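Participant: Here are the chains, one letter per residue:
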Amino acid sequence: MFEELFSGIFSLTVGNVIMITIGCLLIYLAIAKKYEPALLLPIGFGTILVNIPLSSAIDQLLEGAVHKGVLSTFFDIGIATEIFPLLIFIAVGAMIDFTPLLENPVMFLFGAAAQFGIFGTMAVSTLLGFNLKEAASIGIIGAADGPTSIYVASRFARHMLGPISVAAYSYMSLVPIIQPPIIKALTTKEERSIKMQPKAQKIPRIVKIIFPISITIVASILAPTSAALIGFLMFGNLLKECGVLDSLAKSAQNELANLVTILLGLSIAFTMRADKFLRPQTLLILGLGLVAFIFDTAAGVLFAKFLNLFVGKKLNPMLGAAGISAFPMSARVIHTMGLKEDPTNFLLMYAAGANTAGQIGSVLAGGILMTLIGGNIL
Amino acid sequence: MMQNFLIAVKLGLVGYLFLLGLLLFFFGFVKFLLKVFARAKGPRR
Numbered sequence: 511m512f513e514e515l516f517s518g519i520f521s522l523t524v525g526n527v528i529m530i531t532i533g534c535l536l537i538y539l540a541i542a543k544k545y546e547p548a549l550l551l552p553i554g555f556g557t558i559l560v561n562i563p564l565s566s567a568i569d570q571l572l573e574g575a576v577h578k579g580v581l582s583t584f585f586d587i588g589i590a591t592e593i594f595p596l597l598i599f600i601a602v603g604a605m606i607d608f609t610p611l612l613e614n615p616v617m618f619l620f621g622a623a624a625q626f627g628i629f630g631t632m633a634v635s636t637l638l639g640f641n642l643k644e645a646a647s648i649g650i651i652g653a654a655d656g657p658t659s660i661y662v663a664s665r666f667a668r669h670m671l672g673p674i675s676v677a678a679y680s681y682m683s684l685v686p687i688i689q690p691p692i693i694k695a696l697t698t699k700e701e702r703s704i705k706m707q708p709k710a711q712k713i714p715r716i717v718k719i720i721f722p723i724s725i726t727i728v729a730s731i732l733a734p735t736s737a738a739l740i741g742f743l744m745f746g747n748l749l750k751e752c753g754v755l756d757s758l759a760k761s762a763q764n765e766l767a768n769l770v771t772i773l774l775g776l777s778i779a780f781t782m783r784a785d786k787f788l789r790p791q792t793l794l795i796l797g798l799g800l801v802a803f804i805f806d807t808a809a810g811v812l813f814a815k816f817l818n819l820f821v822g823k824k825l826n827p828m829l830g831a832a833g834i835s836a837f838p839m840s841a842r843v844i845h846t847m848g849l850k851e852d853p854t855n856f857l858l859m860y861a862a863g864a865n866t867a868g869q870i871g872s873v874l875a876g877g878i879l880m881t882l883i884g885g886n887i888l
Numbered sequence: 028m029m030q031n032f033l034i035a036v037k038l039g040l041v042g043y044l045f046l047l048g049l050l051l052f053f054f055g056f057v058k059f060l061l062k063v064f065a066r067a068k069g070p071r072r
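Just so you know, the protein sequences line up as chains A and B, in that order. Counting from 511, one number per residue, gives the positions in the first sequence under my numbering. Counting from 28, one number per residue, gives the positions in the second sequence under my numbering.
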């Protein structure tokens with residue numbers, strides 16, 4: 511009887527203690543440092559729950575029968591089926607305003623260029639012993655887009671979902687620390703001071719409605735594996751832009767986003783068990799995720815400089831770095847850096863355009879990776 | 028490992044260029060949309 515009452519204490523392992531500490535650390539980062547608190551707090555708390563010995567939150571073998579835990583059930587329902595990240599995309603789509611991108615369509619190019627980190631890191635990861643599917647899942651951290659990272663990893667490397675999600679969300683919140691030194695190293699003061707004139711072009715409503723529909727059709731036909739990803743993102747945006755479903759759009763932006771974020775965070779925590787997380791592989795994944803963000807930023811800036819060789823009116827190369835998907839963090843960073851060089855240079859609308867292009871680019875990059883690695887083309 | 032790396036480089040290159048091409052197409056498409064609808068809303072002669 512004594513042993514049964516204290517079975518939790520007797521079953522506690524060093525791994526459990528380390529993981530509970532990591533859970534507390536994630537909660538600390540979420541609350542004290544405000545690092546993506548909406549995701550890191552549920553992940554942190556869930557990490558504690560799944561690492562309690564004999565926790566009823568995960569599957570337990572009792573009297574020869576498996577008793578499903580609530581977090582295992584969430585995982586099976588929401589992550590294994592890819593439903594949670596897709597629902598998040600509806601919410602994200604309903605929050606995004608593509609107007610700055612439509613005003614400056616050239617920013618589409620930066621949204622593509624800054625996805626280099628995904629593909630570059632995938633190649634580097636194979637050199638460290640990861641197979642192609644694992645490498646693609648690590649590379650997708652460079653999408654700087656949590657739901658896409660989770661979506662691809664849940665399909666290709668479910669066993670690595672925990673570290674990949676933590677890396678993706680942590681680095682997204684660290685964009686103000688990661689990007690500026692890379693941008694400064696690759697640009698001169700003169701380049702950073704290039705002034706961008708504000709555009710006063712009004713975007714007709716019909717364009718804002720046609721845009722999500724046409725992007726979905728074209729992207730889905732060319733990369734069918736991305737249909738769900740881009741489709742849900744653009745569906746959310748259509749809810750917002752159609753003008754007749756304000757109530758649904760607001761629900762997607764608020765209730766849906768909040769509810770699914772809680773469930774998503776807790777579900778991801780299911781993969782944060784000591785036996786799955788405490789491996790040398792985890793450190794490699796975290797390191798490679800950082801490499802992906804560095805590659806992204808550098809590629810965006812260098813592409814903008816390359817483009818400047820051919821255009822008459824020079825573009826501020828810092829805008830290239832805003833082509834990553836970390837929205838709106840990256841746009842703000844570029845805007846602030848621009849103001850530091852020249853207090854009269856307002857880059858925000860251009861940077862927001864590049865940033866929203868990065869949202870589309872990262873989702874498409876995820877779909878393209880799944881098409882290439884998933885066997886549709888190979 | 029090296030074989031995986033070479034495949035990853037090949038796929039990465041194909042994927043990246045495909046993505047650039049796709050977004051270049053969207054750039055042209057949005058330009059076209061704006062041209063059409065901005066003209067439609069302009070003054071008639």
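The set of hints was computed from the structure by calculation and includes no laboratory data. In this text, all values refer to a predicted model and were calculated from it rather than measured experimentally. Be aware that a few hints might be false.
To be verified - A short, non-exhaustive set of chain B residues, derived as facing chain A with CB atoms under 7 Å:
{"no.": "1", "residue": "Phe32"}
{"no.": "2", "residue": "Ala35"}
{"no.": "3", "residue": "Tyr43"}
{"no.": "4", "residue": "Leu44"}
{"no.": "5", "residue": "Leu47"}
{"no.": "6", "residue": "Phe54"}
{"no.": "7", "residue": "Val57"}
{"no.": "8", "residue": "Lys58"}
{"no.": "9", "residue": "Phe64"}
Glycine included, each C-beta is placed from N, C-alpha and C at the ideal position.
Participant: Okay, which hints does this one fail, numbers in order?
Facilitator: 4
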